[in-house]
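*Asks:* In order, the protein sequences belong to chains G and Z.
Under the numbering used here, the first residue of the first sequence is numbered 418, with each subsequent residue one higher.
Under the numbering used here, the first residue of the second sequence is numbered 23, with each subsequent residue one higher.
Where hints are given, some of them may not hold.
A few chain G residues that face chain Z, going by a derived Cβ cut-off under 8 Å, partial list only [said to hold, decoys possible]:
1. Cys-451
2. Trp-500
3. Val-504
4. Ala-510
5. Phe-511
6. Leu-563
7. Ala-564
Don't read these hints as lab results, they were simulated from the structure.
Every residue gets a Cβ at the ideal spot worked out from N, C-alpha and C, and that includes glycine.
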Amino acid sequence: MSEHDKIRELLALAAAGALTRTEEEQVAEHLRRCADCANELDAWRSIAMDICRLPTPQPSTQLVRITLAKAEEKLAAQAEHDWNRRVMIFVVAFAWLLTAASWPVFHFVSGDFGSLLGPQFGRAWINFAAFTALAWVAGGVAAVMLALHQRRERRLA
Amino acid sequence: MSRFMKELRVIPMPAWIVGWFIYACFTLPLFFFAVPTDPDMSKWPRWGQALFVFGIFLFAVALVALIGYVYGDAKRRKMRAVMWTLLAIFIPYAIGIILYFILRDPLPKPCPACGNVVKSNFPFCPHCGTSLQPTCPNCGKPADPNWSNCPHCGQRMPATVQRTA
Numbered sequence: 418m419s420e421h422d423k424i425r426e427l428l429a430l431a432a433a434g435a436l437t438r439t440e441e442e443q444v445a446e447h448l449r450r451c452a453d454c455a456n457e458l459d460a461w462r463s464i465a466m467d468i469c470r471l472p473t474p475q476p477s478t479q480l481v482r483i484t485l486a487k488a489e490e491k492l493a494a495q496a497e498h499d500w501n502r503r504v505m506i507f508v509v510a511f512a513w514l515l516t517a518a519s520w521p522v523f524h525f526v527s528g529d530f531g532s533l534l535g536p537q538f539g540r541a542w543i544n545f546a547a548f549t550a551l552a553w554v555a556g557g558v559a560a561v562m563l564a565l566h567q568r569r570e571r572r573l574a
Numbered sequence: 023m024s025r026f027m028k029e030l031r032v033i034p035m036p037a038w039i040v041g042w043f044i045y046a047c048f049t050l051p052l053f054f055f056a057v058p059t060d061p062d063m064s065k066w067p068r069w070g071q072a073l074f075v076f077g078i079f080l081f082a083v084a085l086v087a088l089i090g091y092v093y094g095d096a097k098r099r100k101m102r103a104v105m106w107t108l109l110a111i112f113i114p115y116a117i118g119i120i121l122y123f124i125l126r127d128p129l130p131k132p133c134p135a136c137g138n139v140v141k142s143n144f145p146f147c148p149h150c151g152t153s154l155q156p157t158c159p160n161c162g163k164p165a166d167p168n169w170s171n172c173p174h175c176g177q178r179m180p181a182t183v184q185r186t187a
């Protein structure tokens, strides 16, 4: 692309006053040497002035109010969604930490704390893993039952 | 006030009292009577014993606080607070609490006409009958303003499905 073509692409923006200082200097330098571009810029300026003379449509107060209310509603919903995601991450991490923490407490309270380090460790670990798995399976079954119940309730609503 | 502080206020005071009471009931006897006589833990330094006993039972306080939060939050969302609290208590490893956060309803909103707080999925206010969200003119089920047809009955939606409130 020649310099002339590059400058021509900037002329409409120059008429709208949307060029950077460097671009303005480039255009001014080129216009001193190119009458065609100078004429084209005058034509663009004329169009820009005509556009400026057109009345700017103003939105009605009700439209502004409804749009603002909708935007606020969307922002609130997004904030709620972000907050719920953070809470879920925290609660799931807490559940896993609780599972891990209940392991030494379970053994200490049952008077079998030494088995964590002793030869009975394997058997104790299997019992604990089985108990934990059972709890999570029970939780999963409860989740499915509650979700079905809630769906039925919402369908009736 | 930050969102976190606002949510903390949802936890009822009795939940905090119960949580710290359980904490004291477990930690103090364990630290002063059980740990010094335990054949394994008595060999630990005193600060290690304190860290283990007083640290690990903070989970109990957090768990009770979360159960309290489930009760308070379910109440303000007009859900079955007692049922959800019982589930949070009896399903182990906080799985009941996770279920609550997955399945909880959105926060209720005040009716723009009468000001009564109603569930956000209600298409009409149960107190004054004001339409709270766009509905299908044929079957009356909630509809999105962007839909061209009702997904429940197939009715062609009018160009402007507007809220009456």
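*Asks:* Hints first: check each against the structure and report whether it holds.
*Replies:* These are the hints, each one checked on the structure:
With 8 Å as the threshold, the beta carbon of Cys-451/G stays out of range of chain Z, its nearest partner Cβ sitting at about 51 Å, so the hint is violated. Nearest Cβ of chain Z to the Cβ of Trp-500/G: about 6 Å, under the 8 Å cut. The hint holds. Taken as an interface hint, Val-504/G checks out: its beta carbon lies about 6 Å from the nearest beta carbon of chain Z, inside 8 Å. Interface restraint check: Ala-510/G against chain Z, minimum CB-CB distance 10 Å, threshold 8 Å, status violated.
About 6 Å separates the beta-carbon of Phe-511/G from the nearest beta-carbon of chain Z, less than 8 Å, and the hint is met. Taking 8 Å as the C-beta cut-off, the interface hint given for Leu-563/G holds, the closest approach to chain Z being about 6 Å. Look at Ala-564/G: its Cβ gets to within about 6 Å of chain Z, closer than 8 Å, so that hint holds up.
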